[in-house]
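Colleague: What follows is the residue order along each chain.
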Amino acid sequence: MTDQDHSESKSSLSEFERQKIPDRALLGFRHFIGMYAGEHCAGTELMIGPLFVAAGVGAFDLIVGLLFGNALAVLSWMFLTAPIGTRLRLTLYYQLEKICGRNLVILYNLANGVMFCFLAGAMITVSATALGVWFDFKMPGLNDIFPNSIGWVIAVIVVGAVISVVAAYGYKTVARIANIAAPWMVLIFLAFGLIGLKQFIDADDNQIQNAGDLWTLARTQIWKGGDPLPGQVKFTFWHVMFFSWFCNMAMHIGMSDLSVFRYAKRSWYAIASAAGMYVGHFMAWISASILYAYQLHLNPADTDVLPGPLAFRAAGYVGLLCVIIAGWTTANPTIYRAGLAFQAIRPRSSLFKITLITGGIATFAGLFPAIAMKLLDFVALYGMLLMPMGAVIFVDYWLMKKFNLYPFFAEKSRINFNWAAGLTWFLTLATCLLLVKFAGIQIFFVSLPGWFVAAALYLILSWGYQKRRAFLMM
Amino acid sequence: MKNVLRKISGIIGLASLVILLLPSVLFLFGDLSLERVKWMMLVATFFWFVFAPLGMRER
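So the protein sequences, as listed, match chains G and U. The opening position of the first sequence corresponds to residue 36 in the numbering used here, with each subsequent residue numbered one higher. The opening position of the second sequence corresponds to residue 111 in the numbering used here, with each subsequent residue numbered one higher.
Do not rely on the hints blindly, as some may be mistaken.
Calculated lysine-lysine pairs in the DSS-like style (CA-CA distance at most 30 Å, straight line) [claimed, not checked]:
#, chain 1, residue 1, chain 2, residue 2
1, G, K502, G, K437
2, G, K436, G, K300
3, G, K300, U, K112
4, G, K502, G, K300
5, G, K436, U, K117
6, G, K388, G, K436
Coverage of chain U stretches by chain G, computed from C-beta distances (three or more under 8 Å per stretch; other residues unrestricted) [stated by the list, open to error]:
#, region
7, 111–122
8, 134–148
9, 151–159
None of these hints come from the bench; they were simulated from the model. Cβ coordinates follow ideal geometry from the N, Cα and C atoms, glycine included.
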């Protein structure tokens with residue numbers, strides 16, 4: 036996934052932070068294909084695929100749910116993010132500052148930075164499971180919340196320390212390694228799937244003569260459906276579809292990728308996100324899920340979701356290397372970006388120190404396996420947290436003038452905190468949490484009604500707020 | 111001369127990607143043992159990480 040951490044391609048896009056992109060800096064379609072294909076094949080895919088199986092997903096629900104959900108994600112990039120990105124050509128943060136004011140953007144950065152820390156923590160957890168195969172210490176189980184062995188604690192601290200120091204010192208070097216590793220990693224993920232499939236075929240001496248036989252194997256032995264494992268939520272077609280649609284919600288509906296598409300010559304270039312979705316969030320998830328389903332097939336009591344042992348069983352030391360590199364190369368920019376988000380709050384602080392501290396927080400988070408083991412819920416929460424600001428940006432651009440209201444109100448009225456946007460954010464989150472808590476809507480679905488709540492709230496609150504400010508300014 | 115070496119590196123890099131995936135395909139069709147697959151992938155990985163950076167530098 037993950038998305039949410041963008042590699043060098045994106046970091047190199049960090050200029051023109053407070054101005055429109057000039058024509059000479061616009062990028063071609065191929066650039067976006069490479070960027071999306073590379074960044075959505077990450078360490079966390081090795082957790083998400085198996086967690087689908089742990090959630091008792093069926094073959095049809097998984098395959099068709101992923102096809103539709105990823106298509107909806109691509110359409111969200113194409114019709115929500117890119118049209119605004121290519122028209123205004125501003126970074127997300129600069130645009131938010133114009134709408135919300137500097138202080139609200141600081142709050143947004145804080146929320147974003149904290150979520151990045153947890154995400155990087157999950158990636159450190161993934162990499163540490165590879166060390167567990169080498170050094171044979173006890174690793175956490177599917178429902179473990181706390182670290183369960185000294186070996187695990189040491190492995191996470193070592194991995195986290197290395198990643199943090201490298202993020203603080205040599206981010207660009209690792210970003211370069213990430214670019215080199217990307218095509219290799221995609222093929223390793225594909226190999227995982229092919230090897231896992233063959234292991235399934237051989238396990239019960241199945242005869243595969245045609246596509247029908249393959250489908251029978253898929254639905255009767257790999258993704259059998261039925262009850263989820265203890266402690267997991269049952270995943271249906273709708274869960275898979277909404278999860279794959281919303282797992283990068285912060286990027287498309289949440290509008291983070293405005294900063295990316297401001298460089299696109301045409302808004303349809305957002306279709307390039309399909310490369311990331313169908314490589315990382317289709318093929319890689321399916322491959323990783325096959326490895327875990329095979330582990331359960333061999334021993335139904337072995338429910339541990341540990342990418343290291345899974346990858347080692349399929350591809351030996353190359354598998355372990357893939358787990359380490361996938362976790363490392365994605366945790367690194369995530370920590371770096373979290374550091375940038377925190378530095379925006381205290382601009383005079385050294386980025387080096389802030390990145391180290393951020394890495395320390397991520398490492399501490401990585402000690403707790405609950406974050407990685409509950410990654411499906413965490414990713415849904417992450418999207419939900421940032422979604423309201425995406426709705427604010429959408430309404431501000433497309434609807435404000437139609438309702439005789441001012442877009443970019445913070446800039447226009449020179450305020451540091453646009454209460455209409457701030458209250459929209461807080462009230463939408465409160466509404467979503469109430470819906471989850473009392474209306475029985477699961478967190479995987481709540482962001483859809485949440486977006487409409489946010490859009491309506493921003494219009495209504497802006498109407499009252501702008502009228503009041505206009506009265507005060509008179 | 112440097113350009114020729116870089117082009118050769120690029121070709122070896124691409125070939126190593128083919129060798130990386132091919133064993134798992136052969137394994138799926140029962141033409142290769144898993145142990146051999148793992149070794150071939152390891153060798154292909156070594157070649158990729160040695161030659162791909164040299165080949166990519168050209169671009």
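Colleague: Now, for every hint given, state plainly whether the structure supports it.
Modeller: To see whether the hints hold, each was checked on the structure:
1. G:K502 <-> G:K437: holds, 16 Å
2. G:K436 <-> G:K300: The hint holds at about 26 Å.
3. G:K300 <-> U:K112: violated, 34 Å
4. G:K502 <-> G:K300: violated, 38 Å
5. G:K436 <-> U:K117: Outside the cut-off at roughly 55 Å; violated.
6. G:K388 <-> G:K436: Violated, at roughly 44 Å.
7. 111–122: It is violated, with 0 qualifying residues against the three required.
8. 134–148: holds (count 8)
9. 151–159: holds (count 5)
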